[in-house]
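If you read the sequences in order, they're chains A and B. One point on numbering: in the numbering used here, the residue at position 84 of the first sequence is 84, and numbering is uninterrupted. One point on numbering: in the numbering used here, the residue at position 14 of the second sequence is 307, and numbering is uninterrupted.
Read the hints as simulated data drawn from the structure, not as lab findings. Take the hints with a grain of salt, since some may be wrong.
[As the list claims (entries may be wrong)] Cross-link-like lysine-lysine pairs, in silico, BS3-like; alpha carbons within 27 Å at most:
#  : chain 1 : residue 1 : chain 2 : residue 2
1  : B       : 378       : A       : 90
2  : B       : 491       : A       : 202
3  : B       : 539       : B       : 399
4  : B       : 490       : A       : 202
5  : B       : 466       : B       : 561
6  : A       : 202       : B       : 378
7  : B       : 296       : A       : 202
8  : B       : 655       : B       : 644
9  : B       : 612       : A       : 202
10 : B       : 437       : B       : 490
11 : B       : 480       : B       : 644
12 : B       : 296       : B       : 378
13 : B       : 490       : A       : 287
14 : B       : 655       : B       : 626
15 : B       : 491       : B       : 522
16 : A       : 202       : B       : 415
17 : B       : 378       : B       : 539
18 : B       : 466       : B       : 490
19 : B       : 443       : A       : 287
20 : B       : 466       : B       : 409
21 : B       : 564       : B       : 324
22 : B       : 378       : B       : 480
23 : B       : 561       : B       : 655
24 : B       : 437       : B       : 296
25 : A       : 90        : B       : 399
26 : B       : 480       : B       : 296
27 : A       : 202       : B       : 324
[What the hints assert, rightly or not] Some chain B residues well away from chain A (every beta-carbon gap over 12 Å; in silico):
#  : residue
28 : 334
29 : 399
30 : 479
Ideal placement from N, C-alpha and C gives every residue a C-beta, glycine not left out.
In case you want the letters, here they are:
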Amino acid sequence: MKKNGILSRLFLALVFLFLYAPILVLIVFSFNDSKSNAVWGGFTLDWYVQLLNNRTVLEALQTTLLVSVLATAIATVAGTAAAIGFSSMKRRPRNACLTVNSIPMTNADIITGVSMMLLFVFAGQALADFSGWLNTTAWAESANLWFDFGFDMGFLTLLIAHVTFDIPYVIVAVLPKLRQLDPNLAEAALDLGATRWTAFRKVVLPELMPGIVNGLLIAFTMSIDDFVISYFTAGSQVSTLSMYVYAQVRRRVSPEINALSTLMFVAVLLLLVVINLRQARQEQRRKRQALRT
Amino acid sequence: MSKELIRLRNIRMAFDDEVVLNDLNLYINDKEFLTLLGPSGCGKTTTLRIIGGFTTPVSGDVLFNGVRINDVPPYRRQINTVFQKYALFPHMNVFENVAFGLRMPKVEEQLDENGKVVSRRKVKISEAEIRTRVMEMLETVSLKGFETRKPDALSGGQQQRVAIARALVNRPKVLLLDEPLGALDLKLRKDMQLELKKIQQQVGITFIYVTHDQEEALTMSDTIVVMDKGCIQQIGTPEDIYNEPKNAFVADFIGESNIIDGVMVRDKLVKMYGREFPCLDGGFAENEPVDVVIRPEDIDIVPVDQGQLVGTVTSVTFKGMQYDIIVDFRGFKWLIQTTDHSPVGARIGVKIDPDGFHIMKKSQYSGMFGDYSSYSDEYDELSDAEALDDGEDEGAEEERREEGYAE
Ligand SMILES: Nc1ncnc2c1ncn2[C@@H]1O[C@H](COP(=O)(O)OP(=O)(O)OP(=O)(O)O)[C@@H](O)[C@H]1O
Ligand SMILES: [Mg+2]
């Protein structure tokens, strides 16, 4: 294949144009000193300033960050533990688990979102029925107790949903590190007097760390980025940034939304750049080490 | 030197029905340098892992100082290991690697008169003592000045010495070494063999050493345990193993051996090639079929008319110290090591002194080893100049049959 053929370059340029033209327009008009999305009225930062004074936006930002940080933290711990569990399994059950693990990642978000919503509604109703039944029992009456386990969708269900869709990404990021891990390392630590837990903390964990951080960053990006699953699981009271954008745009595309979307795009872009740089660097280091030995 | 420290009793090990160790019995003395020697896959590493506590045998007992330790985890055994691929901690520098074991809290146990644990106390070694002990150890393995290097910035030999230092600094009763020199080049390996032996004598502890290199085993060990297919074939000093191999497998694995079918006519008289030879062994039944081992260096080349046997040289390889020559005696090819050069095709006589014969009982290994028919193929690239031309070989074959031995 010719590397620098003019046709292939043109093709590449077209692809990038199609991919990024919409975002470019969005960014440009977020600096537009006019309410219109078609006419350029000069440069301004007003929309960004307005954004910072918009309480709903700030609340949505807070929700987004909180749910992303919490979900990432929980998913990182759970995913790492799961990956370690997978890697110590026999081949057959492990492959089965890996397949099950990869389904949520390839599954359409809307299916994940709708199915989770159904589950939450069902669980909330079941628990409400259960507490209703408990309240009719003689025991509850005599003890003067009143139960209400029922719940509506809100921050907690949103968090659970995020943790759920983050975990597979963490697992996928940690597994290669586990595969590269010399099984004798942990044994060497045991041999030198470390308990299993100390061996894990002092020797295994530092070796897995690059993979764990990769998983953490990917999970965080996914959480920040998510709209569809959040939309179905957050209920009516809570909303994330992307949900806010969606709600606003349904009425009218204001330049303020352009500004907000630009900020979100830049944030996610930065995260992706960091992840890719890290992975490239790790790959390089691994190659260099392989060359040495 | 002779107090028993470790005993393996009727050890059986299997991975998914594949038997790896079959009824292993072995004791190891205090301060002994014991080598487990055997071909790849014979169960050496598995045996070592059972002693270290990383694997639990299916059945049988591991005793340490007479106490059963099957269920004692590795971190409570007074045993340290140098792993086959060193397993240095990549994110720690040399100092931290060596200090690792010292930083682990040790549990000091108070025992009552029945040997029951009354109380446990955690003891920590002070940072100052850790520093002196690590530096001392690095000096012992000649690695002073490398404290802050990371393992991946060290050569193979240096990594190996860090691994030894990391294990020895804990002052274990026993050091387990799994082919620690396997990854090093020949020259460095020879140096490290002497170095290791020196360290062992210096620290005065038991070394259990695994290798599949017979020369290494002969050089370093007090005791050699030859293993094959999960069974111990022979235990003995290097001299015993070399001079008195128990069966064809041991004879072949330890050094070069010609192993010939024979019959023990009576004590001190063995018959092969239809001819009787005086030897020194006895204790066999009359006319019992046996395996006769003749080491290549115990065979003297003499003029044809003085030879006990007469054969034709089929290949000559120059080995520096000596020539390896392959001689055809009636279709069975022998390896002879000699300082005299004999050209290919020459007819030579050989003479073997009575102490050059070693007689073994027939075993499952009889007939599997000790024939050098394939020798010239194996060493093709080494002896190509002298390799025998096939056509000539066939022409000479008939004639040679008659000459199997001198009348
Ligand atoms: N964890 C394991 N699972 C299954 N089989 C194993 C395991 N460990 C060892 N084996 C098998 O046990 C047998 C003995 O292995 P072992 O590692 O003890 O051999 P070795 O003598 O150390 O060989 P080498 O010289 O190649 O290191 C081999 O057939 C190996 O395949
Ligand atoms: Mg091994």
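Verification of the hints:
1. A threshold of 27 Å between alpha carbons decides the hint, and for residue 378 of chain B with residue 90 of chain A the separation of about 24 Å falls inside it, so the pair holds.
2. For the proposed pair residue 491 of chain B and residue 202 of chain A, the alpha carbon gap of about 33 Å is over 27 Å, so the pair is violated.
3. Proposed proximity of residue 539 of chain B and residue 399 of chain B is contradicted: the alpha carbons are some 45 Å apart, above 27 Å.
4. Only pairs whose Cα atoms come within 27 Å are accepted, and residue 490 of chain B paired with residue 202 of chain A is rejected, the gap being roughly 32 Å.
5. A C-alpha spacing of about 46 Å is found between residue 466 of chain B and residue 561 of chain B, which places the hinted pair above 27 Å, so the restraint is violated.
6. Taking the CA atoms of residue 202 of chain A and residue 378 of chain B, the gap is about 19 Å. The hint holds against a cut of 27 Å.
7. For the given pair, residue 296 of chain B sits about 37 Å from residue 202 of chain A by alpha-carbon distance, which is inconsistent with the 27 Å threshold.
8. Simply put, residue 655 of chain B and residue 644 of chain B have alpha-carbon atoms about 24 Å apart, close enough for the 27 Å limit, and the pair holds.
9. For the given pair, residue 612 of chain B sits about 51 Å from residue 202 of chain A by alpha-carbon distance, which is inconsistent with the 27 Å threshold.
10. In summary, the hint linking residue 437 of chain B to residue 490 of chain B is supported, as the alpha carbons are separated by about 20 Å, within the 27 Å threshold.
11. Simply put, residue 480 of chain B and residue 644 of chain B have alpha-carbon atoms about 36 Å apart, too far for the 27 Å limit, and the pair is violated.
12. Our distance criterion of 27 Å between C-alpha atoms is broken by residue 296 of chain B and residue 378 of chain B, whose separation comes to about 31 Å.
13. Our distance criterion of 27 Å between C-alpha atoms is broken by residue 490 of chain B and residue 287 of chain A, whose separation comes to about 36 Å.
14. The suggested pairing of residue 655 of chain B with residue 626 of chain B holds, with an alpha-carbon distance near 20 Å, which does not exceed 27 Å.
15. Between residue 491 of chain B and residue 522 of chain B, the direct Cα distance comes to roughly 32 Å. Violation of the 27 Å bound is thereby established for this hinted pair.
16. Among the hinted pairs, residue 202 of chain A with residue 415 of chain B is consistent with the structure: their alpha-carbon atoms are about 19 Å apart, no more than 27 Å.
17. Between the alpha carbons of residue 378 of chain B and residue 539 of chain B the distance comes to roughly 33 Å, so the proposed pair goes past 27 Å and is violated.
18. Restraint check: the Cα-Cα separation between residue 466 of chain B and residue 490 of chain B comes to about 16 Å, which is no more than 27 Å; the hinted pair holds.
19. Only pairs whose Cα atoms come within 27 Å are accepted, and residue 443 of chain B paired with residue 287 of chain A is accepted, the gap being roughly 17 Å.
20. Taken as a hint, the residue 466 of chain B and residue 409 of chain B pair is honoured in the structure, with Cα atoms around 22 Å apart against an allowance of 27 Å.
21. Of the supplied pair hints, the one linking residue 564 of chain B and residue 324 of chain B is violated, its CA atoms being roughly 44 Å apart against a limit of 27 Å.
22. Note on residue 378 of chain B and residue 480 of chain B: the hinted pairing holds, with a Cα-Cα distance of about 19 Å set against a maximum of 27 Å.
23. Taken as a hint, the residue 561 of chain B and residue 655 of chain B pair is honoured in the structure, with Cα atoms around 17 Å apart against an allowance of 27 Å.
24. Between residue 437 of chain B and residue 296 of chain B the alpha-carbon distance is near 35 Å, which puts this suggested pair outside the 27 Å criterion.
25. The suggested pairing of residue 90 of chain A with residue 399 of chain B is violated, with an alpha-carbon distance near 34 Å, which exceeds 27 Å.
26. Of the supplied pair hints, the one linking residue 480 of chain B and residue 296 of chain B is violated, its CA atoms being roughly 35 Å apart against a limit of 27 Å.
27. Restraint check for residue 202 of chain A and residue 324 of chain B: the C-alpha separation of about 32 Å exceeds 27 Å, so the hint is violated.
28. With a cut of 12 Å on Cβ distances, residue 334 of chain B stays outside the contact zone with chain A, its closest approach being about 18 Å.
29. Look at residue 399 of chain B: its CB is around 7 Å from the nearest CB on chain A, not clear of 12 Å, so calling it non-interface is violated.
30. The Cβ of residue 479 of chain B sits about 18 Å from the closest Cβ of chain A, beyond the 12 Å cut-off, so the non-interface label holds.
In summary, the structure is inconsistent with hints 2, 3, 4, 5, 7, 9, 11, 12, 13, 15, 17, 21, 24, 25, 26, 27 and 29 from the numbered list given earlier, while agreeing with the others.
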